[in-house]
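Mind docking chain E on chain U? Use the hints.
Sequences listed follow chains U and E, in order. Going by our numbering, the first residue of the first sequence is number 246, and it counts up by one from there. Going by our numbering, the first residue of the second sequence is number 246, and it counts up by one from there.
Calculated directly from the structure, the hints in this document are not laboratory data.
Since the list can't tell identical chains apart, any single copy or any two copies may satisfy a pair.
EDC-like cross-link-like pairs, simulated, lysine to aspartate or glutamate; straight-line CA separation at most 20 Å:
#1 Lys349 to Asp396
#2 Lys349 to Glu388
#3 Lys349 to Glu401
#4 Lys276 to Asp331
There are 2 protein chains.
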Amino acid sequence: MTQAPFQDYYPDYMAHCYGCGRLNEYGYQIKSRWEGDESVCFFDPKPYHVAVPGYVYGGLLASLIDCHGTGTAAAAAYRLAGRPMDSEPPLRYLTASLHVEYLKPTPLGVTLEVRGVVKEIKDRKVVIAEQILADRVVTVRGEVVAVQVPDQMLRELMGKE
Amino acid sequence: MTQAPFQDYYPDYMAHCYGCGRLNEYGYQIKSRWEGDESVCFFDPKPYHVAVPGYVYGGLLASLIDCHGTGTAAAAAYRLAGRPMDSEPPLRYLTASLHVEYLKPTPLGVTLEVRGVVKEIKDRKVVIAEQILADRVVTVRGEVVAVQVPDQMLRELMGKE
Chain U
246 MTQAPFQDYY PDYMAHCYGC GRLNEYGYQI KSRWEGDESV CFFDPKPYHV
296 AVPGYVYGGL LASLIDCHGT GTAAAAAYRL AGRPMDSEPP LRYLTASLHV
346 EYLKPTPLGV TLEVRGVVKE IKDRKVVIAE QILADRVVTV RGEVVAVQVP
396 DQMLRELMGK E
Chain E
246 MTQAPFQDYY PDYMAHCYGC GRLNEYGYQI KSRWEGDESV CFFDPKPYHV
296 AVPGYVYGGL LASLIDCHGT GTAAAAAYRL AGRPMDSEPP LRYLTASLHV
346 EYLKPTPLGV TLEVRGVVKE IKDRKVVIAE QILADRVVTV RGEVVAVQVP
396 DQMLRELMGK E
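Just chain U, with the same shape it has in the complex (with noise of 0.2 Å):
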């Protein structure tokens, strides 16, 4: 089945986010997809995103943790609601928290591979547990606490627009 990946369902107003926003043309525009319960997000480190030479550098990674994990928390939030995730009002989420656990030098030059899965969804906090593999290693694990975006700010944001 093809799927959509969940940053494209942003709306505009949303897409600016320089890891995930479709709509920055300096950023990393992850992609997101759901595959069964886990999500996951494929990313190619450019060869100046490293930490010494011929390994990925961590901000990055934590970028990729960061990101992942609040568009897993928007996808999730629209699964339980049972709603598309392009149907409004939106449920857009920030991070309030990130942990990020470095187990090992992540090589550069392969496809890395971010996963998460939903620990925790209620009200209007999700928190995700994730972990990025290098050639089906794992490298990274972290946890991102997500908070959806207080509607004051979403009406501020649409404002902009």
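Showing chain E alone in chain U's frame:
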């Protein structure tokens, strides 16, 4: 007293990091210095480093916490050893874990101030507590557990130059 930033002392083979390497022309090239017992770094995000319009991207904030943390870890280790930062063998640190709390949205368009203090330093491990301020308001708190680069990895990196 004029004081060169920590990152300017990294040997060339450790100066390619996307976050803090002076030789990474695409990277952030952050600069950290002591200010008494605190380390401080000032950074101006680019206009496209946004999460939503008007607010700084969380992945960039995590990167600042990360690299300012490892830089502070290195500087603290040299200070503890009573050695200048350009002396051999190099004391360089990698991130074992990174924790970031986003307390409130960080406004774009002001110089960010990242401040760090050493919470713990022993053997090959340093823990750094940090905060990011925008217009003197703390918007982010973070913690980095940094570990000294293994000797084997150092030798590999030196061999690549």
